[in-house]
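**Q** Residue numbers (UniProt numbering), protein chains in the order written: chain A, 1 to 1039; chain B, 1 to 250.
Just so you know, these hints were derived from the structure itself, not from any lab.
Even glycine gets a Cβ: it sits at the ideal position worked out from N, Cα and C.
Any given hint could be a false lead.
Unchecked claim - When the alpha-carbon atoms are kept at most 30 angstroms apart in a straight line, the in silico DSS-like pairs for lysine-lysine are as follows:
#	chain 1	residue 1	chain 2	residue 2
1	B	K138	A	K546
2	A	K591	B	K159
3	A	K549	B	K164
4	B	K240	A	K536
5	B	K166	A	K536
Claimed, not checked - If the Cβ cut is set under 10 angstroms, some of the chain A residues that face chain B in the computed set are:
#	residue
6	V531
7	E534
8	M541
9	P542
10	L789
11	P792
12	E796
13	R1016
14	G1018
15	L1019
16	E1023
17	K1024
18	I1025
19	E1030
This is what each chain is made of:
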Amino acid sequence: MVLNSLDKMIQLQKNTANIRNICVLAHVDHGKTTLADCLISSNGIISSRLAGKLRYMDSREDEQIRGITMKSSAISLHYATGNEEYLINLIDSPGHVDFSSEVSTAVRICDGCIIVVDAVEGICPQTQAVLRQAWLENIRPVLVINKIDRLIVELKFTPQEAYSHLKNILEQINALTGTLFTSKVLEERAERETESQVNLNSEQGEQVYDWSTGLEDTDDSHLYFSPEQGNVVFTSAIDGWGFGIEHFAKIYSQKIGIKKEVLLKTLWGDYYINMKAKKIMKVDQAKGKKPLFVQLILENIWSLYDAVLKRDKEKIDKIVTSLGLKIGAREARHSDPKVQINAICSQWLPISHAVLAMVCQKLPSPLDITAERVEKLMCTGSQTFDSLPPETQALKAGLSLKKKLPRDVSVQDKGTQRSLQQHRHRYPWSPPRMGVHLTQVQREKSQEVPLGFSAPPDDLPPVPHMAYCTLENLYLLMGRELEELEEVPPGNVLGIGGLQDFVLKSATLCSLPSCPPFIPLNFEATPIVRVAVEPKHPSEMPQLVKGMKLLNQADPCVQILIQETGEHVLVTAGEVHLQRCLDDLKERFAKIHISVSEPIIPFRETITKPPKVDMVNEEIGKQQKVAVIHQTKEDQSKVPEGVQVDSDGLITMTTPNKLAMLSVRAMPLPEEVTQILEENSDLIRSMEQLTSSLNEGKDTQMINQKTQEKILEFKGKLEHHLTGRKWRNTVDQIWSFGPRKCGPNILVNKSEDFQNSVWPGPAGKASKEASRYRDLGNSIVSGFQLATLSGPMCEEPLMGVCFVLEKWDLSKFEEQETSDKQNQEQSDLVKGGQGEVKTYSGRDENQEQQDDCPEPFEKRTAQKGDSPLTDCYGPFSGQLIATMKEACRYALQVKPQRLMAAMYTCDIMATGDVLGRVYAVLSKREGRVLQEEMKEGTDMFIIKAVLPVAESFGFADEIRKRTSGLASPQLVFSHWEIIPSDPFWVPTTEEEYLHFGEKADCENQARKYMNAVRKRKGLYVEEKIVEHAEKQRTLSKNK
Amino acid sequence: MSIFTPTNQIRLTNVAVVRMKRAGKRFEIACYKNKVVGWRSGVEKDLDEVLQTHSVFVNVSKGQVAKKEDLISAFGTDDQTEICKQILTKGEVQVSDKERHTQLEQMFRDIATIVADKCVNPETKRPYTVILIERAMKDIHYSVKPNKSTKQQALEVIKQLKEKMKIERAHMRLRFILPVNEGKKLKEKLKPLIKVIESEDYNQQLEIVCLIDPGCFREIDELIKKETKGKGSLEVLNLKDVEEGDEKFE
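Extracted from the complex, chain A is given alone in its bound form:
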């Protein structure tokens, strides 16, 4: 039974002044969708009996099951009052914090919003958030205090108590508005000040300090909610009633004979009526006089509820007749009092009338958009409106001056602008359209949206990501249904089809290229919950990728990454949001089974200087070492035979065929150097290309001046940081960077005849440098690259390590070369017997070596054709690579090794009272607080902390739970940080024994991480299979 036909709607759409675009905002479970239901039922789309139970706007299955809204949805309603007819485009938004991105979208489209507050619960965290969002978007709010019935039925308040309770809520919300207002004023003032300071500095004039905050001069009275202004209504959506002061003012002005205007002012507030004198006086609480609101309004409602709940048939009849209502026989006889209340109240005080009347009166039409909002929308970042091109500024006129452009503007007309903020919907039956769905043509311009329109190109300053497209279908959004339209006049909310190839998440649509893209949405929540997603069946990978692309397009607050490890990572705003995304992915976008897991956490390996103090802060070397059982055994296993280790960490190793010898030392790089290397990885890569082309004798003119300069600057920086005796000349001797030839590790060659550094030398010298060592040198570099790619601790890349090649002795190799020819035949025979070529870094080489069966000859990474010197150990170059790699590994192992963890910086906004709990969560997860400051003008604290990525899984959820949603963290990857604890640490001194016990089984953070990675990779983990031998199940199976 649809009262309003499509034609009617189309007709209404044309009268822009009578359109209201509104959204319903509130904390979760405060009754947004129920309120929307009531409003919808007034249009006859759903039965009024079902209103509040059906939740028409929650069209998704999971929404109905969970009972919360997850996606915004829009519906167009018709409302007539007097002889005015209004079209109301209502958007119902989710209240859960995870979906606050939906709220951001809804708020952007609308001109006004209804803020719903639960009369019992009062102001909740999300109420604050939505109010802030509405404020930031500059849209006008009205207040609905919902669930008044709970005050009567559940809390059993007397009318007087209820009144003071409501007053309290109103005060709270006004205080909140006040804070928002103050912070805005203060912000503006700060901006003004910085500006004026700039001016003053240039003038050197006398400074006049202005200590006034500017608060005094700014009028804020119109901002607040108060019933006498008509922007507050009291409702009970579930029982279908609601009223504003005005309604009763009208009734009582006739009844008592007091002017309506007077009543309007006095119905809310501490006034009482003197019935005899027919005068309204200020309340004197001491005399026990009841305020007007209690006496005239609340008491009536209370008595009605009382009568119905007590099943006082007579009284009910009396009330009904006195109100002039007709109650159907069915309702009157119904056993459930709720039904009766609903039947009576929805006729007496229809909620839809109360709310919609307020909306139509108090909220602006699309024509009334403020100039301020237009300017704000069009200027991104610090740009000011004046800096925009004149064509663009001209658009503002069309936007803000309520100027009606001619009706029959042609398509090419340039004076108009349509911009669309889009917002998607869910239409399971039409997959092609599903991704894209605009809910709005921004209403301010008076232009029709014709079908088949595409914008003409123009020569204006280029806007990134601009594209031309044709709008294919236009739709009227009717909750879970769509009505196709031929045209939509400006100022309406609508759906657009056919944009899926052009629009990702959000876009500004305009018929003119001069229109700047609107500022990005203010998201209250940024995506922080990360999970890795994989298909259950590996062959379904393509479907998954496609599905994730669609999901990315359809959800404004989701991020999707493919990581270098091949993982597909889904980043969502919260656990509930995540659940919805996964459901969408499973059922709609990918249609496959997927599995979700914690994402892989990267680590880096490094070495440090030997520590000066031990774990109990005693100086090392002074105590006597306690003999640890099997300590000696462990030391042996670290370095096999055939490797010489000097006391200062110099490793000398020969190749298996004993022809070459390498001496390598590992040193930690200073932190700044590592940072410089990280930053300049692109430069290093281009340098690498340069050197390789130089080596081939190519034209060196290709290097442009800029890169030259950059390289010099980079080199200078390195030299600046690498000072001291230890690092003398090091920079000139850098041979290579690693891993992948551009990483944060350095190979330095300190041998005497070295002249092949990475720095591009003067042309000619380098090209001539095709020395006898060049090819062998390449093998050594390859060995270094492999060693840096996977460290000895858990096969993760190295970082901040400098390997110094102190000596290399290849003389024997050269002698051999002469007598090479004879060997060749023999070696060919041997070679045939060898197995598969191993081209990769032998991962578990370490263990293999320990097992006394060194087989590095298997790993032949690169072979040069110049000297086919192959003996039973394989080609010489391969041996060199393996030897170099092993040498680097051992060089690392003799130094104190450390693990580096990726760190997030974490910005947390929290109110003062939950600060303690925020700290508790942070410290539980090894986080460190860097700073904490109060935001000016509010009671919010901003906490800056760092948190290891490894501990971040579930962090957002935990912090929200612990602080009841009052703190919301934001995580951004910042840097790598060394974990101070030694993963191989065991207590050695007396004090350490006392402190940690023999087994040191208290948590060692680094070891925990290392073992987790090793386990994941299938590497050997030093862990007992069974901790206590005696505590195994001792029964044999056949008994």
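Model the placement of chain B on the given structure of chain A, informed by the hints.
**A** Relative to the frame of chain A, chain B by itself:
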């Protein structure tokens, strides 16, 4: 299974026997299950957590203890603990259920890691994750052979996986520098082994940069060596050609 009848035979539970033959005699010691391998790898350091008793047996299940003179003739000492340690490190072990289980699991993981490391999705040039490979291996019912090296098994797995999903070994990028006169001829021979030729440059020498399947590397290497008699050279530019860096969906 018959009804349980009380017997005077006491079954050994929670016992793993380690045996060793020395001087023609068999010696045994009684250890706890799942502990011997841990001792050998050095994880377990407490001998009492490994040995049930420090005495050396001839037959553990019958409870026959070894004679002193036998011990002295075989080991040169009668210090039972010392002999126990020797037998523990050198004797033959019964691998217990949990030990075997962890070993197999570890190998399975290791194989999956190697496969994930060597292979890419040919469509995206990105690697698969280890978890995904593990699942795929379970799908094809691959069973780990404990006596074969993990690398060998990984290559086998790749072959089998290719039938089920889109997987390929990551290509290797090589550069050949060949003398001109032999270059042409050699190129024809190399062609079937090369996947993609990225660039060709005829200067004084023929220079080719190309992608190959790592399995063909040895063949190519030998071919070049043989044909050019040491004049041509071969350089590995990149061990595996994969996409680097993270990608964000836009």
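**Q** With reference to the structure, classify each hint as holding or not holding.
**A** Structure-based check of all given hints:
1. Proximity of K138(B) to K546(A) is assessed by CA-CA distance (about 25 angstroms); at most 30 angstroms being required, the pair is judged to hold.
2. With a C-alpha separation of about 29 angstroms, the suggested pairing of K591(A) with K159(B) holds against the 30 angstroms cut-off.
3. Simply put, K549(A) and K164(B) have alpha-carbon atoms about 24 angstroms apart, close enough for the 30 angstroms limit, and the pair holds.
4. Only pairs whose Cα atoms come within 30 angstroms are accepted, and K240(B) paired with K536(A) is accepted, the gap being roughly 27 angstroms.
5. A C-alpha spacing of about 15 angstroms is found between K166(B) and K536(A), which places the hinted pair at or below 30 angstroms, so the restraint holds.
6. The criterion of a C-beta within 10 angstroms of any C-beta in chain B is not met by V531(A), whose closest approach is roughly 12 angstroms, and the hint is violated.
7. The interface hint given for E534(A) holds, since its Cβ lies 5 angstroms from the closest Cβ of chain B, which is under the 10 angstroms cut-off.
8. With its C-beta approaching chain B no nearer than about 7 angstroms, M541(A) sits inside the 10 angstroms limit, and its interface hint holds.
9. Of the supplied interface hints, the one on P542(A) holds, with its beta-carbon coming within about 7 angstroms of a beta-carbon of chain B, less than 10 angstroms.
10. The interface hint given for L789(A) is met, as the beta carbon of that residue sits about 9 angstroms from the closest beta carbon of chain B, less than 10 angstroms.
11. Taking 10 angstroms as the C-beta contact cut-off toward chain B, the hint placing P792(A) at the interface is violated, the least distance being around 16 angstroms.
12. The closest approach between the C-beta of E796(A) and any C-beta of chain B is roughly 13 angstroms, which is over the 10 angstroms cut-off, so the hint fails.
13. Satisfaction of the interface hint for R1016(A) is found here, the shortest Cβ-Cβ separation to chain B being roughly 7 angstroms, below the 10 angstroms cut-off.
14. Interface restraint check for G1018(A): the shortest CB-CB distance to chain B comes to about 3 angstroms, inside 10 angstroms, so the restraint holds.
15. Here the hint on L1019(A) is kept, as its CB sits about 7 angstroms from the closest CB of chain B, short of 10 angstroms.
16. About 7 angstroms separates the beta-carbon of E1023(A) from the nearest beta-carbon of chain B, less than 10 angstroms, and the hint is met.
17. This hint holds: K1024(A) has a C-beta 5 angstroms from the nearest C-beta of chain B, less than the 10 angstroms allowed.
18. Look at I1025(A): its Cβ gets to within about 5 angstroms of chain B, closer than 10 angstroms, so that hint holds up.
19. At about 7 angstroms, the closest approach between the beta carbon of E1030(A) and any beta carbon in chain B falls short of 10 angstroms, and the interface hint on this residue holds.
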